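J.: Could you put together the complete structure from these sequences and hints?
Read off the chains here:
6 protein chains.
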Amino acid sequence: MRGKPLGPDVDLGVLAKRTPGFTGADIENLVNEAAILAARRNKRAVNMEEFAEAVERVIAGPERRSRLITEKEKRITAYHEAGHALCFAKLEHTDKVDKVSIIARGMYGGYTLALPEEDRNNLSKSELEDELAATLGGRAAEAIVFSEITTGASQDLRQATQTARDMVMQWGMSEGLGQRTFGKKEELIFLGREIAEQRDYSEEVASQIDREIKTMIDRAYQRAHEVLTTYRTQLDAVANRLIEKETLERIEFDALVGLAPSAA
Amino acid sequence: MRGKPLGPDVDLGVLAKRTPGFTGADIENLVNEAAILAARRNKRAVNMEEFAEAVERVIAGPERRSRLITEKEKRITAYHEAGHALCFAKLEHTDKVDKVSIIARGMYGGYTLALPEEDRNNLSKSELEDELAATLGGRAAEAIVFSEITTGASQDLRQATQTARDMVMQWGMSEGLGQRTFGKKEELIFLGREIAEQRDYSEEVASQIDREIKTMIDRAYQRAHEVLTTYRTQLDAVANRLIEKETLERIEFDALVGLAPSAA
Amino acid sequence: MRGKPLGPDVDLGVLAKRTPGFTGADIENLVNEAAILAARRNKRAVNMEEFAEAVERVIAGPERRSRLITEKEKRITAYHEAGHALCFAKLEHTDKVDKVSIIARGMYGGYTLALPEEDRNNLSKSELEDELAATLGGRAAEAIVFSEITTGASQDLRQATQTARDMVMQWGMSEGLGQRTFGKKEELIFLGREIAEQRDYSEEVASQIDREIKTMIDRAYQRAHEVLTTYRTQLDAVANRLIEKETLERIEFDALVGLAPSAA
Amino acid sequence: MRGKPLGPDVDLGVLAKRTPGFTGADIENLVNEAAILAARRNKRAVNMEEFAEAVERVIAGPERRSRLITEKEKRITAYHEAGHALCFAKLEHTDKVDKVSIIARGMYGGYTLALPEEDRNNLSKSELEDELAATLGGRAAEAIVFSEITTGASQDLRQATQTARDMVMQWGMSEGLGQRTFGKKEELIFLGREIAEQRDYSEEVASQIDREIKTMIDRAYQRAHEVLTTYRTQLDAVANRLIEKETLERIEFDALVGLAPSAA
Amino acid sequence: MRGKPLGPDVDLGVLAKRTPGFTGADIENLVNEAAILAARRNKRAVNMEEFAEAVERVIAGPERRSRLITEKEKRITAYHEAGHALCFAKLEHTDKVDKVSIIARGMYGGYTLALPEEDRNNLSKSELEDELAATLGGRAAEAIVFSEITTGASQDLRQATQTARDMVMQWGMSEGLGQRTFGKKEELIFLGREIAEQRDYSEEVASQIDREIKTMIDRAYQRAHEVLTTYRTQLDAVANRLIEKETLERIEFDALVGLAPSAA
Amino acid sequence: MRGKPLGPDVDLGVLAKRTPGFTGADIENLVNEAAILAARRNKRAVNMEEFAEAVERVIAGPERRSRLITEKEKRITAYHEAGHALCFAKLEHTDKVDKVSIIARGMYGGYTLALPEEDRNNLSKSELEDELAATLGGRAAEAIVFSEITTGASQDLRQATQTARDMVMQWGMSEGLGQRTFGKKEELIFLGREIAEQRDYSEEVASQIDREIKTMIDRAYQRAHEVLTTYRTQLDAVANRLIEKETLERIEFDALVGLAPSAA
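Residue numbers (this note's numbering), protein chains in the order written: chain P, 1 to 264; chain V, 1001 to 1264; chain L, 2001 to 2264; chain H, 3001 to 3264; chain A, 4001 to 4264; chain S, 5001 to 5264.
Hints in this document: simulated from the structure, not taken from any laboratory. This one's a predicted model, so the numbers in the text were calculated from it and none came from an experiment. Hints are supplied without guarantee of correctness; some may be wrong.
Said to hold, decoys possible - Derived pair list, reagent style DMTMM-like, types lysine to aspartate or glutamate, alpha-carbon separation capped at 25 Å:
| no. | chain 1 | residue 1 | chain 2 | residue 2 |
| --- | --- | --- | --- | --- |
| 1 | S | K5074 | S | E5252 |
| 2 | P | K125 | H | E3204 |
| 3 | V | K1099 | V | E1252 |
| 4 | S | K5214 | H | E3204 |
| 5 | S | K5214 | H | D3166 |
| 6 | P | K184 | V | D1200 |
| 7 | L | K2072 | L | D2026 |
| 8 | A | K4214 | L | E2203 |
| 9 | L | K2184 | V | E1203 |
| 10 | L | K2125 | V | E1148 |
| 11 | H | K3184 | S | E5203 |
| 12 | L | K2096 | V | E1073 |
| 13 | V | K1184 | L | E2244 |
| 14 | L | K2072 | L | E2204 |
| 15 | V | K1099 | V | E1246 |
| 16 | H | K3214 | S | E5203 |
| 17 | P | K214 | L | E2244 |
| 18 | L | K2074 | A | E4092 |
| 19 | P | K184 | H | D3166 |
T.: Okay, structure coming up:
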C-alpha cells in the first residue's frame, strides 16, 4: 500500500470480497483512487469509506452528480436497474446484489453491483444462463413498464451477445455444436492489441452459431421477463425507492424483494 | 470564454438548448466563431446575434450566399426542406423545428434545424422511427411535388441507413433478430481512426439484417409520404414562403403548419 | 490570373460556362496552360484562343496529331463520337453538344464535349438515365454500323458502370432496393487515397445490386440504340463530316442533326 | 549442463523419458529451472528432486498453492482430472499416467501427466482417437457426476478441436475427404509469427471439414463417457483420493484403477 | 540512338513495324541490345542484323542454344509452335506470321512471332476471338498429334485466360453480362505495384463470369482443333521443317501453309 | 569448383544426372558440402564418395543416425519407403529408383531417390498421374500392411495435393474445367516472398476445383493400392531387406522388384 497509512476500520477481507476478478493493475488503481480521495478530504489515513467509493470508481467510473436528467429518464433508469437487480435476486445461480444505484457513473446512467459469495475460477452453464437473464433484465423491465425500448440497453445487449458467443464458441455449451471451439484470435504484435478473430469454420457452422446464440438470448430474455412479471410488486417497490433515494444498499434491497410475489 | 466580453443579451441557457450533443471541442469552436464574427463587425462585445449565427456555422458550415442557383433548384430545395420540417412538425415523437432555411451552408443546399426540448441521453424506438421518417421527408417531398428524384438526397439516405443499421445491429430494435448486437468495430491504432467493421455473424444473418433495415426504411418513407400528402397545403405554404424569404424562424413556421390538413 | 495580361476578347463568363465542375486546382492548371500556349506563340497577352485550347487540354490532354491512324480506325472513331454526340442531341434531359472531335487527345481517340446550360449542384434520375444512354452511344454506333465491337469503348463502359452503381448504391434510384445507401468507402490515410470499399451488405443484396445495375445499363444501351437507328441519316452525316473535317463546332453540329429523322 | 554439478541421483535416462517432445529450448529452460530451485534450497548440486519439479514447471507452470479454492471447486477439479486419467488408463492406444494432481499450476486448476513408453516420431490414427477421448474425459466426468458443465474445460476443447482439425486437414484421416491436405499457413516475416491460415479450398469443403471434425469429436466424447460410466467405481476412487491427497503418483493411481469395472 | 553509328542497311520503318506495342523503355532496351551485339562482334556500326536479333531478345529473351533437349521434346515443341503458327495463318482476323522457331529463348522452348500489318490502338471482338484460338493452338496440336498434354502450355493457358477475362470484364464482349465492367484494380502506392483486384460484384455474377470465360475458351480451343485437323498436312509439314531447320522465316512458312487442306 | 582439387574418380556426367532440377545455389551448396566432408575426413581431394553423400544431404538433409527409433517404427518406415519405391518401379511413366533408405535424414524418417533418365523441361499428364500415385504409395503400403495410418505421410499428402492443384489450376489437365488457369499469385515485395494466392474465380468454380483434385487423388491412391497389392511379394521383399540393410542401391532394388507378381 506504499506508505499510505490505513485507517483502523479498513478490513482487507471485506475489500477482497468486493473486488472479485480484479487484476494487479486494478488493485493498484483502487489503492491510488482511495488515497487521492483521502487526500482531497484532508484525511491522515485512508479509511474504509474511501476504499468503498474507490471500488465503485474503478468498476463504473466516478459519480456524475452534475449531470441533469429529466424525471422521465430518472424513472426509466430506476426501472432498468431494478430489472437487473430483481433478476439477480430471484434467479437461482446468481451473485447477491450488493448495491443498486441510479447515480450516473462514467458512461452508465446507473449500475447494479452483484458480488459472488466467494472467488470463483470457473462458471457453470447454469450460472451463465442466469447471468445472461439478469443482463437482459434492464431492457425487459423497460418493455414491461413503459411498452417502449431505448438505446440505453445497448451496452447490456453487447455484453449478453459476448457471453452467449463464448458459451457457444469457447465453452462448448450449445445443444447442437458439440464439444469443440470455434475461431482463432489473432493479435497483431506491431499494433499491441487484438485486431481480428480468424474464422476457421464454414459458413454453414456460422449460421448454426448464430441460431444457437439467438436461442440462448431469447430464452434468457424470456426468463427475465417472467421473473419481472411474477415479481412486479417488488419491481415497482425497488424502482420507486430508487427514484426517492437514488441508491439502495444490500439490506434495504433485500427487504424490498422479500415481499410476496404478484398473483399470476 | 477566454477574455472576450459577452454582450448583455447573451442567455447561456438558451444557447445550451440550441447546442444539444455538442462536445467540448464544438463549444470551443462555437465561441471562437462568435468572437470572430463580432470582430469582423467591429463590436466590442460578443452578442446573441453572433452566437446564433455561430451555432449554424458549426452545425452546417458558413453561409454561401455567393453560390448562384437557378430558380428550379431553389424550388426543389425549398420543397425538400419543407418536407423535412413538416415531418418534424406533424410526427409525434420528434424535436421541434427551430429554423428552416434554403441558404446554402457548407455542402448542404439548405437545412432544417430541429432541437429537442431538453437534453436526452437515450432515444426510444418511437423517437428513432419518427426521426427516420423526417430524414426521408426531403426526398418524399421531391417525389410528391416534382415526380422526380435527385442526387441531392444522398446525404439523407446515408444518415437514414446508418440510423436503421444501428437500430437493428446495436440497439436490438428489429422484430426478428432479437436482443443482441452484431459486428465489432476495429480501430487501427496506427491510423488513428476506425477502418473496418468486423463481421462476426453469418451470411444468413447478414441477409436478415438487410431485410430488417429495408422494412424500417420503407415504413419510414411511407410515413413521411403520408404526412406530406395529408398536409399538402402546409407543404406548399412552407415551400413558397421559403422561396420568398429564404429562412423561416420557429414562430412563422409554426403559424404556417397550424393550418387545417388537406382533404384526403 | 497572376500578372499575365488577358487579351481584350477574353470573356470570363463564357469561360466559366465551359468549365463546369472545375476545382480550384483545375482552374489554376487551365490558366497556366493558356499562358504557356500564349508564350509558345509569342503573344503578349493570353487570348480567348489560348483559353479555349487550354480547356480541352485540361479535360482530355494535349492533342496528339502525330499519332498515325488507319482510315478504318478513323472511320470507327468518327462513328463512335457521332454516336455519343447524337444521343446528347436527341435525348431530352442532356447537356448541349459544344464540340465533337476525332483528333486524339491523351488516351482518347476522340472526344465529345457536352456542356450544361447552367451550373448544377444536383442531377435528377432522368438526367442520369439520359447521360447513361449517351455514354453508351459510342459503342452502340459501332455495333449498328460495323456489326462489330472493339476494346475502344472500355473507358465508356467503366464510366457507365460507375454511374449506374452510384444511382443504385448512393442515390437510392433503383426500383427494388429502396431509399438507402450501400457500402462504405475506406480511405487509408497513410496511403493518401481510397483503397477499398467496405461491403456492409449481404451477398443477397449484392446480387440485387448487380441485377439493378444490369437493368439500368441494358435499358440505357437500348435507348441509345433506338436513337441512333431512328436518326441514322444524321449519324452518317455527322460521322462523314468528322472524317472530312476532324472537328465539328456546335453550330455546324446542330445544323447536321436538325435534319429529318430516318424512316422507321 | 554448463558448470552446474549434478547430484549423484540424477538419471538422465529417466529424465529423457519424462520429457518427450521437448525442444532444445525446453531442455535449456528445464536445466535452468532445476538450477534455480537448487540455488533457492542452498544445495551444492542439482538433484533429481529439482529436476522432477522443474519438469512440471516447464510443462504446466509453477505450483500455485497460495490460490484459495472452495471445497466445491476442489471436488469438480478432482473429478475432472480423474476423468482424464481414467481414460488414459482404460483406452488401448494411450500413454501411461505418470501423475495426477489438483494442485493448481499456471493457468490450470490441476493436471494429468501421461507419458509415452518410448519416444515416438509419428502417431497412428488409433492413438490420436484415444488421445482425443482422453482430452475430453475431464468434461465428460463433470457431466456424469454433477450433471453440469463449466468453463473449466475450455482449454481441453481447444486442444481437442486442434487435434481433430489436424487429423482431417493435415493427416488425411477423415472418412470422406481423402488423402490430401487443406489450408496453407502463412507466416508474416516482419511480425515474426504465424498470423493466418490461408483457405485454399471451397466453402463446400469447409462444411465437410466441419462435419468430419464434429463426427470425430462426438465419437471421442461418447467413448470417454462410456469409459467413465463403465469404470464409475474407479472414477470415484481416484477423485476421492485426489481430494484427500491432492497428488497421485503412478503406483497409487494404478492400484486404484485396477479395481473391477462397475456393473452396466 | 545516342552516338552509336547505324549501318547503312538499317530501315527504321521496318524496325517500327516489328515492334508494335513497344514502350519507350522497350525501345531503349532494344537499342542497347543491338549496340551490345555489334560491340561483341567487333562491328563499327549497328546493322539490321543486330537489330533483328535484339528484337527477339527483348520479346522472348536471349537464345539458349546451350540447352540440351531430347529428340522427343524437340518434336513436341515443333508441333506446339506449328500449332500456334498455323492458327495465325488460317484464321481470318489474325496477324501474319513473321517467324517460327524452336530455339529456346528465355523461359520459352520456342516461339512464334506474329506481327500486325499496321499499328492498332483498339482490337475488335473477332480479332480477340482468333487470337484466343491461336494462343491455344500449341496445346491443341500436342493433343492431336501425341494424344497427350504437357505442362509446356501453362503460359499459353494463362495468357488465354487473361484475354478471355478482359473480354468479359473490361470490354463488355460477353453474351450475357452486358455493357459494363467488373472489378476494380487497386494499386498499393507504397509497394509500387498492383497487388489486388477488388471484387465489386456479387458471387452470382462471379459464377456468370466464370461460365462466360469457359464458353469463350472452349470455343476458341475447338476452333484451333478444327483448323489443325483440317490442315493436318500443313501442320506436319511445318513441324517437320522446324525439326530440320529450327527456324522458319515468313516466306518459307507461307509456302508450306499454302498447301491444299487435308480431306475431312 | 573454387580451388578444391577433385579426385580422379569424380565423373561430372554422373553427378549432373543425379542432380536434375538443381539450381545454381543448390550446386554451390553441393560442392561446399562435398568439400566439407572431404576436409572432415582429412582427404586432400574431393572424391566421388563425398559428392554422392553431399547430393543426399542437399536433397534430404544430413543423416541422423543418432536418432533412436523403435523396431515398430523401423518396420513402418521400411514398408512406407518400399511402397514409394515399388510404385516408381511398376508404373509406366515414372523415373527409375536410384536408392531407397530408412536412415533418417533431416525431417524425413527415410527417403526414396527416383531420378529421371534425362533432364526434362515439361511433364506430361501421364507422368504427373504416375508421380501422384508413387507419392501416395507410402501411405498405401502402411494401410495395406498394418491396417493403420500415421501422421508420417503428412508431407506426402501435402506434395500430392500441390501436384493435383497445379494439374487442375495451372496446367489445364482436369476433365471439366478446361484450358484455362485459376488464381493469381501475389508476391509482396517488402516481404520478399509470396504471401497469398488471390482467388480470381467464383465459389462455384472453387467447388469444382476441389472435386477435380479429389478425383485425381482418389484415383492415384487407388492405383498405388493396386500396384502394391499386385506386387505384395516384392513389397515384403524390399521392406524386409531395408530393415536388414537400411539402404538399397539401384541394382539390388531392381533385382528384388523383378520377382513375379503376386496372385490376385
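J.: Work down the list of hints and note, for each, if the structure agrees.
T.: Hints, verified against the model:
no.	hint	in the structure
1	S/K5074 x S/E5252	holds (20 Å)
2	P/K125 x H/E3204	violated (33 Å)
3	V/K1099 x V/E1252	holds (9 Å)
4	S/K5214 x H/E3204	holds (13 Å)
5	S/K5214 x H/D3166	holds (18 Å)
6	P/K184 x V/D1200	holds (12 Å)
7	L/K2072 x L/D2026	violated (35 Å)
8	A/K4214 x L/E2203	holds (24 Å)
9	L/K2184 x V/E1203	holds (18 Å)
10	L/K2125 x V/E1148	holds (7 Å)
11	H/K3184 x S/E5203	holds (18 Å)
12	L/K2096 x V/E1073	holds (19 Å)
13	V/K1184 x L/E2244	violated (63 Å)
14	L/K2072 x L/E2204	violated (45 Å)
15	V/K1099 x V/E1246	holds (11 Å)
16	H/K3214 x S/E5203	holds (24 Å)
17	P/K214 x L/E2244	violated (72 Å)
18	L/K2074 x A/E4092	holds (22 Å)
19	P/K184 x H/D3166	holds (15 Å)
This entry does not satisfy hints 2, 7, 13, 14 and 17, going by the numbered hints stated previously.
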